[in-house]
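Colleague: So you can see what is in the structure, the chains are spelled out below.
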Amino acid sequence: MEDMNLEQVTEGYFDVLKELGNIGAGNATTALAQLLNCKVDMKVPQVRLLDFKEVGNAMGGEEQIMAGIYLLVEGDISGSIMFLLERKSARHLVSKLMGTEIEGEDFTEMEISALKEIGNIITGSYLNSLSTLTNLKIYPSVPDLSIDMAGAILSVPAIEFGALGDKILLIQTQFTDDYDLDGYFILLPDLESYAKILHALGLIN
Amino acid sequence: MGEVIKVGMADLKICICPDSVTTLGLGSCVGIALRDPVTKVGGLAHVMLPDSTAIRNQTNIYKFADTGIVELVRLMMEKGANRNRIVAKIAGGAQMFAFQNKNELVRVGERNVEATKLKLKELGIAILAEDTGKTYGRTVIFYPETGNFVIRAVGKQETII
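First to last, the protein sequences are chains A and B. Okay, so the first sequence: first residue is 1 according to this note's numbering, each after it adds one. Okay, so the second sequence: first residue is 1001 according to this note's numbering, each after it adds one.
Some clues are possibly wrong.
DSBU-like mimics (lysine-lysine), calculated; alpha carbons at most 30 Å apart, straight line [as the list claims (entries may be wrong)]:
no.	chain 1	residue 1	chain 2	residue 2
1	A	K53	B	K1156
2	A	K53	B	K1134
3	A	K196	A	K43
4	B	K1156	A	K116
5	B	K1134	A	K167
6	A	K53	B	K1040
7	B	K1134	B	K1006
DEER-style ranges, computed between Cβ atoms [unchecked claim]:
no.	chain 1	residue 1	chain 2	residue 2	range
8	A	K53	B	D1051	17 to 23 Å
9	A	C38	B	L1118	53 to 59 Å
10	B	I1160	A	Q174	39 to 45 Å
11	A	A58	B	K1121	36 to 42 Å
In short, the hints are calculated from the structure, not lab data. Given the structure is predicted, the values throughout are model-derived calculations rather than measurements. Just so you know, even glycine gets a beta-carbon here, dropped at the ideal spot from N, CA and C.
Hey, can you work out the whole structure from these sequences and the hints?
Modeller: Here it is as structure tokens:
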């Protein structure tokens, strides 16, 4: 495993990640529906291994303003997870959650707190499915939020991936209530944790 | 008006007047703009990590501050820049998330800036201006004709350094 890099991620592992994304997003959707008290649908997630240069484009350009929620992961595996949402979608979710119409471009402290909570629930559901499937203990940290250009937010996971290779693993999920919300997960286990996940899933010995 | 050349993440491009060169959404990465004021040959590197020697996988030399700067200088000299006249302006190296300092990639933005400065000093390239650190992303455009380095950030006024 010493020399493993992301480009050697196997087809099988890809399918597993896709399935994890599916189950995780499914759980997240249920949690969102309960939180917002309305019906939420989701599409089958897309899992892609992208070049750094392509990631910004995948989210509608490097200058697209996004809300990024970032958590560190500890326990049997270590690494981090990021959930990204367009600012417009973030605004929609927050106003729905708080039952208010939000005016202006900026989020208040209260709204930022609500957004962190949404991110927490969504990433938590995702990590929960990973934990259940692999039987590994996974503890997320308190989330932190950044609302900025996609490129700038993505530089954080990209730098972490940068130590491993030249690509980034992106899971895209579309949620719909009365509005299409594109959400992106970036799961970043360190190399040792990749091996643990694969091992726990019986994909390697 | 020339063409605007786009530089991606972990990438670099040469730029000759009247063209300009840009990179969008710099976060913890650093944008390094170099220029020979006489021949007006310039270039922009978007580096992600400080040190190529600290990492096993280093096939992409554009990714690191140390190797990226050296490569950019080499390419500029091929296009007629004089090594002794090259000057620099730098931007980026933000800390996008508050708790990033707990991470093993300690303060990577700050470290990228430090490594950039160290390499430029080693090469004897003066830094004329910088806009680094802080907590927000930046889009930059560099004009080799004037040496203007334009910086844009969300909710802030455009600045020229």
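Colleague: Below or equal to 30 Å on CA atoms is what counts here, so check K53 (chain A) against K1134 (chain B).
Modeller: holds, 24 Å
Colleague: Assess, step by step, whether the Cα of K196 (chain A) is no farther than 30 Å from the Cα of K43 (chain A), and give holds or violated.
Modeller: With a Cα-Cα distance of about 29 Å, the restraint between K196 (chain A) and K43 (chain A) holds, given a limit of 30 Å.
Colleague: Please test the hint of 36 to 42 Å on the beta carbon pair from A58 (chain A) and K1121 (chain B).
Modeller: Holds - the Cβ-Cβ distance for A58 (chain A) and K1121 (chain B), about 37 Å, lies within 36 to 42 Å.
Colleague: Need the status of pair K53 (chain A), K1156 (chain B): alpha-carbon distance at most 30 Å?
Modeller: Roughly 25 Å separates the two Cα atoms, so the pair holds.
Colleague: Between K1134 (chain B) and K167 (chain A), is the straight-line Cα distance small enough, at 30 Å or below?
Modeller: holds, 26 Å
Colleague: If you check the beta carbons of I1160 (chain B) and Q174 (chain A), does the distance land in 39 to 45 Å?
Modeller: holds, 40 Å
Colleague: Taking only the CA atoms, is the gap from K1156 (chain B) to K116 (chain A) under or equal to 30 Å?
Modeller: Within the cut-off at roughly 24 Å; holds.
Colleague: Is it true that K53 (chain A) and D1051 (chain B) lie within 17 to 23 Å of each other by Cβ?
Modeller: holds, 22 Å
Colleague: Could you grab the alpha-carbon distance between K1134 (chain B) and K1006 (chain B) and see if it respects the 30 Å cut-off?
Modeller: At roughly 24 Å apart (the allowed maximum being 30 Å), K1006 (chain B) and K1134 (chain B) satisfy the hint.
Colleague: How does the Cβ-Cβ distance of C38 (chain A) and L1118 (chain B) compare with 53 to 59 Å: does it lie in that range?
Modeller: Distance hint for C38 (chain A), L1118 (chain B) holds at roughly 54 Å.
Colleague: Next pair to validate is K53 (chain A) with K1040 (chain B); report whether the Cα-Cα distance is within 30 Å.
Modeller: holds, 27 Å
Violated hints are absent here; each numbered hint is respected by the structure.
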